[in-house]
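**Student:** Residue strings, one per chain:
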Amino acid sequence: MEITNTKPRDAAVMNLNQDIIFEIWSRLPIKYVLRCRSVCKLWYNWGYDASFIDLHMSKSIHQPSHLVLAVKSETSNSNKSSLLMINGEGDHCKTRQIPLGFETMENRLFDIVGSCNGFICLSSRPHSGPIYIHNPITEEAILLPRSHLKNSPLTTTSIGFGFDRLSNKYKVVRVHEIPPMFLEDYKNYERFAEVITVGANACWRKLDFPRSFRFYYGVRPVFLDGIIYWLVHEKPSSPCCGNIVAVDIESEKHWTIECPPLRYSSRKRKSLIHMDGSLAIIDYSSKSMDIWLLEGSKTMGFSFNLTTYDMSGLIYPQHIYDLPVLHMIYQQRFEFLVKAKIGHDTFLLELLLGSSKMRNNHLCDFSIVLYSCIKQQCLSVQGTWKNKRLRRHWMVPTLKSLNAEIDSWTDEGDRLLVRLVQQYGVGNWAQIASIYVIRNWAEIANKYVQVVRTGKQCQERWYNHLCMNIKENSQTPLVFS
Amino acid sequence: MSSTKIFLKSSDDKTFEIDETAARASETLKNIIDGGCLDGVIPLPNVSSNILPKVIEYCKKHGGDNGSSKKIANGGVDKDKEILPDYDEEEDKREKVRVDELKKWEEEYMDFDQQVLYDLMLAANYLHIKGLLDLTVEKAASMIRGRTPDQIRENFNINSDFTPEEEEEMILIEDEWDDEWAFD
Chain A
0 MEITNTKPRD AAVMNLNQDI IFEIWSRLPI KYVLRCRSVC KLWYNWGYDA
50 SFIDLHMSKS IHQPSHLVLA VKSETSNSNK SSLLMINGEG DHCKTRQIPL
100 GFETMENRLF DIVGSCNGFI CLSSRPHSGP IYIHNPITEE AILLPRSHLK
150 NSPLTTTSIG FGFDRLSNKY KVVRVHEIPP MFLEDYKNYE RFAEVITVGA
200 NACWRKLDFP RSFRFYYGVR PVFLDGIIYW LVHEKPSSPC CGNIVAVDIE
250 SEKHWTIECP PLRYSSRKRK SLIHMDGSLA IIDYSSKSMD IWLLEGSKTM
300 GFSFNLTTYD MSGLIYPQHI YDLPVLHMIY QQRFEFLVKA KIGHDTFLLE
350 LLLGSSKMRN NHLCDFSIVL YSCIKQQCLS VQGTWKNKRL RRHWMVPTLK
400 SLNAEIDSWT DEGDRLLVRL VQQYGVGNWA QIASIYVIRN WAEIANKYVQ
450 VVRTGKQCQE RWYNHLCMNI KENSQTPLVF S
Chain B
0 MSSTKIFLKS SDDKTFEIDE TAARASETLK NIIDGGCLDG VIPLPNVSSN
50 ILPKVIEYCK KHGGDNGSSK KIANGGVDKD KEILPDYDEE EDKREKVRVD
100 ELKKWEEEYM DFDQQVLYDL MLAANYLHIK GLLDLTVEKA ASMIRGRTPD
150 QIRENFNINS DFTPEEEEEM ILIEDEWDDE WAFD
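Top line first, the protein sequences correspond to chains A and B. Reminder that position 420 of the first sequence reads as 419 in numbering that gives the first Met the number 0, one-by-one numbering, no gaps. Reminder that position 146 of the second sequence reads as 145 in numbering that gives the first Met the number 0, one-by-one numbering, no gaps.
Hints are computed from structural coordinates only; laboratory data are not their basis. If you're wondering where the values come from, they're calculated on a predicted model, not measured in any experiment. The beta-carbon is built from N, C-alpha and C at its ideal position, and this holds for glycine as well. Please note that the accuracy of each hint is not assured.
Short, incomplete list of chain A residues facing chain B, as computed with Cβ under 7 Å [claimed, not checked]:
1. V12
2. S37
3. L261
These stretches of chain B come out as covered by chain A in the derived footprint (C-beta under 8 Å, 3 or more residues) [what the hints assert, rightly or not]:
4. 47-60
5. 117-123
6. 150-161
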């Protein structure tokens with residue numbers, strides 16, 4: 000009797016069907032979904048269900064998203080990147096650092112150049128280098144093939160990452176800007192744009208992009224509702240008002256939106272961000288800022304709605320410098336950039352310290368603060384970092400997988416893995432995975448989109464497929480068919 | 000509308016009475032009524048007699064009126080709120096009182112043990128009562144939010160069926176995620 004008493008009690012929640020459990024989980028932040036996975040085996044398996052992952056993503060779009068930053072890793076001396084996730088709600092923020100969840104083929108630093116549906120698009124510097132698409136939650140990553148374009152060291156590259164809802168595919172747009180022989184000859188900048196659809200056997204295609212513009216330095220493209228936007232200007236010397244170039248991810252067509260002029264010549268136009276469900280251009284002065292919110296549509300015409308915010312209460316967090324004198328000097332020399340608007344009048348700001356040259360080279364110190372314009376004070380400080388690079392983007396964490404589309408081991412990939420196992424021995428999976436990434440890039444990924452393999456994936460592939468085949472053909476251990 | 004009575008039969012053969020307007024809160028019952036298949040009693044083989052009155056109580060509260068109460072049932076968040084041109088302050092006040100009353104009612108209504116919660120979720124899912132499903136599912140979600148896997152197991156009376164090694168691996172993943180960095 001005792002046994003029968005505990006059993007049904009134990010099974011009560013297990014009587015609920017999958018639909019209901021998925022309904023419950025879809026209301027949870029990703030962290031607790033991961034916790035539910037480690038409750039029992041049934042829930043573990045359900046946690047990987049594709050229909051649940053889709054449901055969760057569709058619901059979490061309405062939840063506050065995380066700001067992700069790529070920074071130099073705190074823990075290791077090598078130049079490894081890690082990700083900083085900041086989650087802002089009300090007047091407080093939470094910050095978490097997570098390592099980059101995959102092996103990269105070189106010790107370079109990464110910038111986050113785009114984000115959508117919980118995936119981030121990472122590019123190593125300079126931006127003509129390899130591009131990865133990574134889900135920091137599932138730690139999956141894929142590597143895009145090399146561009147057809149021969150790079151010169153002077154080439155600057157701007158990368159946009161977007162999702163086409165109609166075809167259910169992700170696309171990456173890359174615009175290269177090649178300077179002319181003489182820099183004054185600004186009209187002769189050569190521009191070359193290309194696009195790739197993320198999927199098996201994809202390669203870069205040429206894309207039509209307006210030629211007579213130049214990018215604003217340091218202003219990143221923004222992806223919003225199926226369109227990638229770039230802020231551009233006509234002359235490098237006087238970037239007065241400029242334009243926005245919009246590229247529709249589905250049709251791959253582009254159009255231009257004229258920007259409003261600066262209200263005062265002392266202001267500097269430095270941001271194009273996603274704000275209040277629309278696109279915003281921000282002009283800065285040292286004590287205030289103008290935010291131009293884009294309204295309207297392509298067919299109805301566009302207009303900009305101006306709001307000015309007083310930023311005079313902003314100071315650089317003091318405790319980073321012990322000497323009051325130094326502090327005084329630094330107060331003169333910081334600039335701020337809006338990263339996001341949280342709530343009604345509260346902004347998440349990035350404060351950059353040091354000369355403009357240092358800022359441009361990403362050598363400056365920076366801090367993330369939450370600032371209220373009505374109270375005219377900093378609500379909280381989310382850390383101060385020294386000499387770090389940083390590129391930020393918003394993302395909504397998801398368990399969605401990109402690998403499903405291209406996750407087949409090719410014969411070439413298998414052969415490479417067998418060679419590496421023979422060379423490094425069974426068991427050194429971390430080392431094998433890191434070398435696999437490098438060799439794979441050199442030999443295969445040059446042409447096609449590739450999944451970045453982890454040590455665990457290499458191990459599973461070896462035990463589940465390769466080692467058996469090799470035993471069967473033990474006479475010819477080196478030849479894998 | 001005249002209140003036609005509808006009879007529902009639970010899985011253990013007990014019959015309950017409900018107004019047609021109230022029954023329309025359930026998508027499933029609404030389809031049966033509109034489909035003209037009303038043949039005296041509607042059998043509900045998936046709902047027992049100890050849970051059906053609870054369901055009927057919810058329908059009575061939410062069935063009669065339209066749009067606005069559905070929005071309140073979704074946790075008070077009305078995403079598709081329309082701004083009416085003839086905006087009436089009095090109306091707004093009355094609406095506020097109604098919302099507060101309903102919130103209080105919901106609080107009392109939701110005071111029950113876990114077995115009832117599971118049964119209600121199943122019934123709401125089966126009868127397609129969106130408001131009730133949202134309400135119950137949200138309660139279940141709140142039993143997970145902010146809890147460790149051990150606490151979740153305890154809350155739902157689940158026994159872990161992982162081997163010690165597997166469990167250790169889970170804890171490692173856990174730690175990676177729990178490591179919240181507090182800066183000051």
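**Student:** Hints first: check each against the structure and report whether it holds.
**Tutor:** Results of checking the hints against the structure:
A cut of 7 Å between beta carbons decides the hint on V12(A): the least distance to chain B is about 4 Å, and the hint holds. Annotation: interface hint on S37(A) holds; nearest CB of chain B at approximately 4 Å, less than 7 Å. A cut of 7 Å between beta carbons decides the hint on L261(A): the least distance to chain B is about 34 Å, and the hint is violated. Beta-carbon proximity to chain A at under 8 Å applies to 0 residues in the segment 47-60 of chain B; the threshold of 3 is not reached and the given coverage is violated.
Interface restraint, the segment 117-123 of chain B with chain A: holds (3 residues with C-beta to C-beta distance below 8 Å; minimum three). For the segment 150-161 of chain B, the stated coverage by chain A holds: 9 residues have a C-beta nearer than 8 Å to a C-beta of that chain, and at least 3 were required.
In this structure, the hints that do not hold are numbers 3, 4, in rising order.
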